[in-house]
Amino acid sequence: MHIMEGFLPLYWCIFWSIISFPFVAYGVYLLKRLAGEHRDTLPLLAVSGAFIFVLSSLKLPSVTGSCSHPTGTGLGAILFGPFLTAILGVIVLLYQAVFLAHGGLTTLGANVFSMAIAGPFLGYGIYRGGKAIGLNTFVTIFLAAALTDLFTYVITSLQLALAFPAQMGGIITSFTTFAAIFALTQIPLAIMEGIIIALTFKHIIQARADILLRLNVLTPDQVKKVQESIA
Amino acid sequence: MMELYLDGYAQENGLREVDSRLKLLFGLGAILITLSSSTPWAPLFIAGSMAAVTILLAKIPGRLYFSLLLIPLSFSVFSAIVILFVSGGGAPLLTFSVAGASFMVTTGSANLALLLLARTFGGMCSLFFIALSTPMIEIFSFMHSLHLPAVVIDLSMLIYHFIFVLIGEVISIYNAQTIRHGYTSLKRSLRSLAMLGGMLFIRAWQQGEELIMTMDARCYDGKLELPGEWKNIKPVTVALIVSYLLLCSALAYSSASMAIF
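Chains as they are written, first to last, in the numbering used here: chain U, 3 to 233; chain H, 179 to 439.
These are calculated hints, taken from the structure and not from any lab test.
Here the structure is a predicted model, which is why all the values come from computation and not from measurement.
Watch out, some of these pointers could steer you wrong.
[What the hints assert, rightly or not] Below 25 Å or equal to it, Euclidean Cα-Cα: the simulated SDA-like pairs (lysine to any residue) are:
#	chain 1	residue 1	chain 2	residue 2
1	H	401	U	38
2	H	401	U	40
3	U	204	H	352
4	H	401	U	39
[Claimed, not checked] The calculated label-pair distances, taken between Cβ atoms and stated as ranges, are:
#	chain 1	residue 1	chain 2	residue 2	range
5	H	272	U	164	22 to 32 Å
6	U	189	H	259	18 to 28 Å
7	U	41	H	324	18 to 28 Å
8	U	172	H	247	28 to 38 Å
9	H	435	U	39	55 to 65 Å
10	H	411	U	210	30 to 40 Å
11	U	170	H	349	43 to 53 Å
12	H	323	U	189	43 to 53 Å
13	H	251	U	172	24 to 34 Å
14	U	183	H	392	16 to 26 Å
15	H	439	U	137	27 to 37 Å
Built from N, CA and C at the ideal position, the CB exists for glycine as well.
Input sequences plus hints: build the corresponding full structure.
Pasting the structure below:
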């Protein structure tokens, strides 16, 4: 659930676009540099972007009955880091608006900030942190993916609360109300996404661990440990 | 997954021959007017007229269109209800209490909630117009003419290509899993979805590796060329679009003080 077209007032649309701009601009700079150094950057990032898009259009089994979609950006953050994920996120959000009628064009800046910047940054931080302290690989991936998803909706609630503060209690009351309503559907969804992404990684490690080694997502030791524990 | 074919409808819509810049002007102009309007009237007019243009002129099936409208419905109704109760201003309209907590709806909050519903529908109908009448490939040409970095446009085009490749993979894996009772319980669904995700990623990556070889074999030098062809712009169409946008702005301006409550 992204913020739909027409929902945010014009000045908030502009505000969030300005906030998102430096992150995306740095991502473009990084992308240009990488594409210059390695010829295979572009095709491989493209398949990953398409993968995120297709993943985010799959319906997850949801406990509360509403049909919900994963964000998929947690996976991007783990694989490519937050800045490249920001670019993939912009493109994926644009396609979601134009292909799936999810989100919108004027609310793109706000949605990019919540889904492609804030969430992935947190997820990337959790993944790096978990790896540094030697937490179990699957637990780390689960936490990174689930909290990326959850944090995206915390930021969305904040964006809605800033645009529409409550009469009594202002932004904080409004924020807790929005967050509480989103929590009904998003907490189960975040847990689902965490489990699915963690299991997805298991399949990738089993079949093509070399991809993860190449992207520097896992160390050879980790891969060996995981493959032994599966076998 | 049927929704994914919005682009397919756009490829063969009734307004295919109209220049995409004009269609973008029409849709984006209407969105901006919707956002600047302070009462629900202009957004509602835009929602109605956009729906009519999309169904009658672009010849998009009505049933598809109304099923699309259900997507923004849940989000906007949810959020509008929150705003109905938390924002305020004006005279109280309705006060009640549930389980010790009291709720109050005022004229100010009712007007804001209605305005947001109308704006969402005005905006979504305009977005649907763009989505259903302008094929993605023409939007790439437009992005190119805006001088966006070439590497970003190339990345977008490659992603666009792979989305369709991967959807094909998803459909076949999903069907294979479904006929083997892969989605009959929550636990099985989780297992099947994860397997689908993992396989999809691996196949996507292989496709990417193959693409590098194919592109190298065809002398790829880091830049994809884009056939940029613009269609003839008829003055009549421009006049119609400009007068429509002026009419909407006039409506938004003149109805600025006509609040419902």
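Exercise for the section: Take the C-alpha atoms of residue 401(H) and residue 40(U), compute the straight-line distance between them, and say whether it is at most 25 Å. Expected result: Distance of about 14 Å is within 25 Å: holds.
Exercise for the section: Could you check the hint for me, namely that residue 323(H) and residue 189(U) are 43 to 53 Å apart, CB to CB? Expected result: Since residue 323(H) and residue 189(U) have Cβ atoms about 44 Å apart, the given range 43 to 53 Å holds.
Exercise for the section: Could you see if the CB distance from residue 189(U) to residue 259(H) stays within 18 to 28 Å? Expected result: holds (20 Å)
Practice task
Just tell me: holds or violated, for the beta carbon distance of residue 272(H) and residue 164(U) against 22 to 32 Å?
Solution key: Given about 26 Å between the Cβ atoms, the range holds.
Problem - Range hint 30 to 40 Å (beta carbons of residue 411(H) and residue 210(U)) holds or violated - result: violated (50 Å)
Exercise for the section: Could you say whether the range 43 to 53 Å given as a hint is met by the Cβ separation of residue 170(U) and residue 349(H)? Expected result: holds (50 Å)
Exercise for the section: With 24 to 34 Å as the target window, see if residue 251(H) and residue 172(U) comply at their CB atoms. Expected result: Hint holds: Cβ distance 29 Å, inside 24 to 34 Å.
Handout entry: Distance restraint evaluation - residue 172(U), residue 247(H), Cβ atoms, bounds 28 to 38 Å
Key = The hint (28 to 38 Å, Cβ to Cβ) holds, given that residue 172(U) and residue 247(H) are roughly 33 Å apart.
Practice task
Starting from residue 204(U), check that the Cα of residue 352(H) is at most 25 Å away, please.
Solution key: Measuring from Cα to Cα gives roughly 19 Å; hence the hint holds.
Exercise for the section: For the pair supplied as a hint, residue 401(H) and residue 39(U), confirm whether the alpha-carbon distance does not exceed 25 Å. Expected result: holds (14 Å)
Problem - Outcome for the supplied range 16 to 26 Å, where the beta carbon pair is residue 183(U) and residue 392(H) - result: Given a distance of about 48 Å, which is not inside 16 to 26 Å, the answer is violated.
Problem - residue 41(U) paired with residue 324(H), Cβ distance criterion 18 to 28 Å - result: holds (26 Å)
Against the hints set out earlier in the document, violations occur for numbers 10, 14, 15.
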